[in-house]
Amino acid sequence: MDKILRINMGSEGGPQASEEPLGDYAGLGGRAMTSAIVAKEVPPLCHPLGKNNKLVIAPGMLSGSNTAQSGRASVGCKSPLTGGIKEANAGGQGSQVMARLGYAAVVLEGKPKDDTLYKVVINKDGVAITPDNSLKMLGNYDLIDKINAEYGDKVACISIGQAGEMKMAAATVAFTDMEQRPTRHAGRGGVGAVMGAKGVKVIVLDDADMPTRSPKDPEKFKEANKAFVAGLKKHPITGEGLPGFGTNVLTNVINEAGALPTHNFQTGRFEGAGKISGEAQSEIMTSRGGKVSKGCHKGCVIRCSGIYNDKDGNFLTKRPEYETVWAHGGNCGIDDMDAIAMLDRMDDDYGLDTIEMGATIGVVMEAGLAKFGDAEAAINLLKEVGQGTPLGRILGSGAAVTGKVFGVERVPVVKGQALPAYDPRPVQGIGVTYATTPMGADHTAGYAVTANVLGVGGNVDPLKPEGQIELSRNLQIATAAIDATGFCLFIAFAILDQADTFQAMLDLISAFSGQELTADGVTALGKKILTDERDFNARAGFTKEHDRLPEFFQNEPLPPHNATFTVKDEDLDQVFNW
Amino acid sequence: MELPITFCPRALIRKLDDVFKNTCNKVYVMNAELENDPKAVLSLTVEEELIPTFYVLLSQGFTVKVRVGCTMRELLQRQLGLSADYIEQRLQTIFLDGKAVDNIDTAVVRNGSTLALSAAMPGLAGATLRRGGAYASMRSQISHGKSKLSDHIKEGELVLKLFNLVARELGPMFLAKGVWLKGKSLQGFLQKAPDSFRGGCRAAELNGQPLDIDSLDKLEWDQQEIFVTVKKTL
Ligand code: SF4
Numbered sequence: 120m121d122k123i124l125r126i127n128m129g130s131e132g133g134p135q136a137s138e139e140p141l142g143d144y145a146g147l148g149g150r151a152m153t154s155a156i157v158a159k160e161v162p163p164l165c166h167p168l169g170k171n172n173k174l175v176i177a178p179g180m181l182s183g184s185n186t187a188q189s190g191r192a193s194v195g196c197k198s199p200l201t202g203g204i205k206e207a208n209a210g211g212q213g214s215q216v217m218a219r220l221g222y223a224a225v226v227l228e229g230k231p232k233d234d235t236l237y238k239v240v241i242n243k244d245g246v247a248i249t250p251d252n253s254l255k256m257l258g259n260y261d262l263i264d265k266i267n268a269e270y271g272d273k274v275a276c277i278s279i280g281q282a283g284e285m286k287m288a289a290a291t292v293a294f295t296d297m298e299q300r301p302t303r304h305a306g307r308g309g310v311g312a313v314m315g316a317k318g319v320k321v322i323v324l325d326d327a328d329m330p331t332r333s334p335k336d337p338e339k340f341k342e343a344n345k346a347f348v349a350g351l352k353k354h355p356i357t358g359e360g361l362p363g364f365g366t367n368v369l370t371n372v373i374n375e376a377g378a379l380p381t382h383n384f385q386t387g388r389f390e391g392a393g394k395i396s397g398e399a400q401s402e403i404m405t406s407r408g409g410k411v412s413k414g415c416h417k418g419c420v421i422r423c424s425g426i427y428n429d430k431d432g433n434f435l436t437k438r439p440e441y442e443t444v445w446a447h448g449g450n451c452g453i454d455d456m457d458a459i460a461m462l463d464r465m466d467d468d469y470g471l472d473t474i475e476m477g478a479t480i481g482v483v484m485e486a487g488l489a490k491f492g493d494a495e496a497a498i499n500l501l502k503e504v505g506q507g508t509p510l511g512r513i514l515g516s517g518a519a520v521t522g523k524v525f526g527v528e529r530v531p532v533v534k535g536q537a538l539p540a541y542d543p544r545p546v547q548g549i550g551v552t553y554a555t556t557p558m559g560a561d562h563t564a565g566y567a568v569t570a571n572v573l574g575v576g577g578n579v580d581p582l583k584p585e586g587q588i589e590l591s592r593n594l595q596i597a598t599a600a601i602d603a604t605g606f607c608l609f610i611a612f613a614i615l616d617q618a619d620t621f622q623a624m625l626d627l628i629s630a631f632s633g634q635e636l637t638a639d640g641v642t643a644l645g646k647k648i649l650t651d652e653r654d655f656n657a658r659a660g661f662t663k664e665h666d667r668l669p670e671f672f673q674n675e676p677l678p679p680h681n682a683t684f685t686v687k688d689e690d691l692d693q694v695f696n697w
Numbered sequence: 708m709e710l711p712i713t714f715c716p717r718a719l720i721r722k723l724d725d726v727f728k729n730t731c732n733k734v735y736v737m738n739a740e741l742e743n744d745p746k747a748v749l750s751l752t753v754e755e756e757l758i759p760t761f762y763v764l765l766s767q768g769f770t771v772k773v774r775v776g777c778t779m780r781e782l783l784q785r786q787l788g789l790s791a792d793y794i795e796q797r798l799q800t801i802f803l804d805g806k807a808v809d810n811i812d813t814a815v816v817r818n819g820s821t822l823a824l825s826a827a828m829p830g831l832a833g834a835t836l837r838r839g840g841a842y843a844s845m846r847s848q849i850s851h852g853k854s855k856l857s858d859h860i861k862e863g864e865l866v867l868k869l870f871n872l873v874a875r876e877l878g879p880m881f882l883a884k885g886v887w888l889k890g891k892s893l894q895g896f897l898q899k900a901p902d903s904f905r906g907g908c909r910a911a912e913l914n915g916q917p918l919d920i921d922s923l924d925k926l927e928w929d930q931q932e933i934f935v936t937v938k939k940t941l
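Protein sequence lines correspond, in order, to chains F and B.
Be aware that the first sequence starts at 120, since it is given in our numbering, and climbs by one per residue.
Be aware that the second sequence starts at 708, since it is given in our numbering, and climbs by one per residue.
These are computed hints drawn from the structure, not numbers from a lab.
A couple of the hints might just be wrong.
Claimed, not checked - Here are the simulated DSS-like cross-link-like pairs (lysine-lysine), alpha carbons at most 25 Å apart as the crow flies: (1) B:Lys899 / F:Lys410; (2) F:Lys430 / B:Lys899; (3) F:Lys341 / F:Lys410; (4) B:Lys772 / B:Lys925; (5) F:Lys122 / F:Lys345; (6) B:Lys899 / F:Lys490; (7) F:Lys122 / F:Lys230; (8) F:Lys430 / F:Lys345; (9) F:Lys353 / F:Lys430; (10) F:Lys230 / F:Lys345; (11) F:Lys417 / F:Lys430; (12) F:Lys430 / B:Lys925.
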């Protein structure tokens, strides 16, 4: 990973690829790389779909090696949804393969002269950019079938569906999984629309004959990897909970806490939660010959994904994740697991963010376009998006735009991006992160790496109100750093509880890079990323007034606990005061 | 009996079996006779593979007859017979009436309470809801505060919900002893059961009389509470 591939889609005479050394970006990976490039090279006031925006795809620092759990890629740009900086990340095979091809980043720049659609093929011999209008308006599944027929089933693909081509603000960038299915998505913020604006339908990555990236200190690396894997396997969340039930293990628990946003955030409990829980989902998957546990890329040992078959035992989609089940389920009052799985499949095929689409459908249900609980209506609404009808174009622009168009007051967004699956009234600390992250409401922005393990931000007294601010700050710092490594964020639980696993992770990175990494180093990396991102947003016109939750969270008590969001604005303003 | 200090889930399941065998005389729960007039007692004998199918029902809640007015530790350890290690290490997420419990020595179980038991959960929300975790302050509005002990401990009932790994580990024992279920949930469950369900169901009895397995999904139980036992074939 010692070079950057730049593809200028707007060059005279057609798209041009060039390689360059890492320069100022040496040592960066994942979110650290995408945010550094965007912050430095993209004019903050540019139009997100214009020639000056850039789409940066960067494997994590350890991707392409034998490090367990290190196959996440980051996709960054100025977001068409939020207008601020965006990093969305995804699993799948793309990160590993891109890293083995030697690229620390692939950057799509400029704007094509016309609406020709391009295919980019990267292999050991170089880069080919060819026009291919036969791919126009294909869904991700048909597209990948076509690519596999031409390039075989060992390649990894990064692609957009119809939503990306139509430059919808809820469009994703899809990454193929180990079975060549486009099931893993850099979902948030409309990154797919930027890829569509660059005129690139698919990037085909072929790492045949390329070696696995090797560590600087192989012995230490082997030992650390062994300890790291053992730590993941022995922990009840990473070793048992996630492989057994997927992330949807959360549905029952969040519902019991009264924090499952239901009927467009009107209540915190959903009567049908038990029917769409991870437990119920696993039973359905097992009874239909699906797979309860599998990885989304080679080297995943947690394996939170799975195969969800339809009633006839045929593949329908991967195991729908908690956020998807919430967005299309409880948030829309739908308790039919098959309907939710179908919506997940359609989102993956059109290339749409499941969180944004579930929130958007919830908003139009509140507006009266369909009844809460009407699964068929939800499927039809999503079809409108895929077909690009006028209504579909509105919905595909996300919850904020849709709420405006239909005159809905209760629109759950921050910086234009829909809130994920945890209501911030009963669990206020999460609301602090939703409000303040530079990404717009994002549940992964402040994840579970304990402040005490990392030793960042001094000693937090969690019982004091200001503790929430410090916790959110520390979590955001730690998350940003992990996003740079390429590790799946789910390693966080084992690290949270097991100091030896955290040390094993540091040892892994040190042994791989040859440079000693300490907890302080992790903190510095996280702060640097957040500083870049906030600086970009400030130059794009964001102020502290954008770091707020919508008013209804303060005004509307959420049943059953009737909690409101009570964290003060001046406290929110202290989150990045380090 | 105490479980080993080292926490090994598989060993734990075996040990729990022993716990239940050895402590069932202490275990107050799920005794059909405690109810004056049980409307219906349904006994099922099923293939072992079918047992997990019932966990969804257990996650939606079942009624247990216990002594109430005591602390949660008293309930879990003395009445339900769970070991201190299991409680400490596995029951990382506990809700009493929808509020996250941090201290099982101060939370008091009252008549009619709903108690949900879960393993540790992923995500920031999962970490936040964990018992006494570093992020407990992030959900102070829904934390279960210290409650006053009752003057006397008396017979009562509570709704118990078992989630995820806890359902897997404790479910078979609860099902074997029997659980009180709402007729509506049971009816919905039997009507929606996959085809494989009937194949794995070996015998059924209603109020002590043999029952045709094919008629299970046609029984009208909408308004009743049913005492259900589920045992695996030997
Ligand atoms: S734990 Fe889940 S999301 Fe993470 S790499 Fe594995 S399958 Fe992918």
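Quick rundown of the hints versus the structure:
A distance of roughly 21 Å separates the Cα atoms of B:Lys899 and F:Lys410; the hinted pair therefore holds under the 25 Å criterion. The straight-line distance between the Cα atoms of F:Lys430 and B:Lys899 is roughly 13 Å, inside the 25 Å bound, and the hint therefore holds. Of the supplied pair hints, the one linking F:Lys341 and F:Lys410 is violated, its CA atoms being roughly 30 Å apart against a limit of 25 Å. With a C-alpha separation of about 28 Å, the suggested pairing of B:Lys772 with B:Lys925 is violated against the 25 Å cut-off.
Between F:Lys122 and F:Lys345, the direct Cα distance comes to roughly 30 Å. Violation of the 25 Å bound is thereby established for this hinted pair. For a cut-off of 25 Å, the pair hint linking B:Lys899 to F:Lys490 stands: about 24 Å separates their Cα positions. A hinted pair counts as satisfied when its Cα atoms are at most 25 Å apart, and F:Lys122 with F:Lys230 qualifies at roughly 23 Å. For the hint linking F:Lys430 to F:Lys345, the alpha-carbon distance of about 40 Å lies beyond 25 Å, and the restraint is violated.
Distance hint between F:Lys353 and F:Lys430 is unfulfilled; the C-alpha atoms sit about 35 Å from each other, more than 25 Å. Restraint check: the Cα-Cα separation between F:Lys230 and F:Lys345 comes to about 46 Å, which exceeds 25 Å; the hinted pair is violated. Taking the CA atoms of F:Lys417 and F:Lys430, the gap is near 29 Å; set against the 25 Å cutoff, the hint is violated. For the proposed pair F:Lys430 and B:Lys925, the alpha carbon gap of about 22 Å is at most 25 Å, so the pair holds.
The earlier numbered hints that this structure contradicts are 3, 4, 5, 8, 9, 10 and 11.
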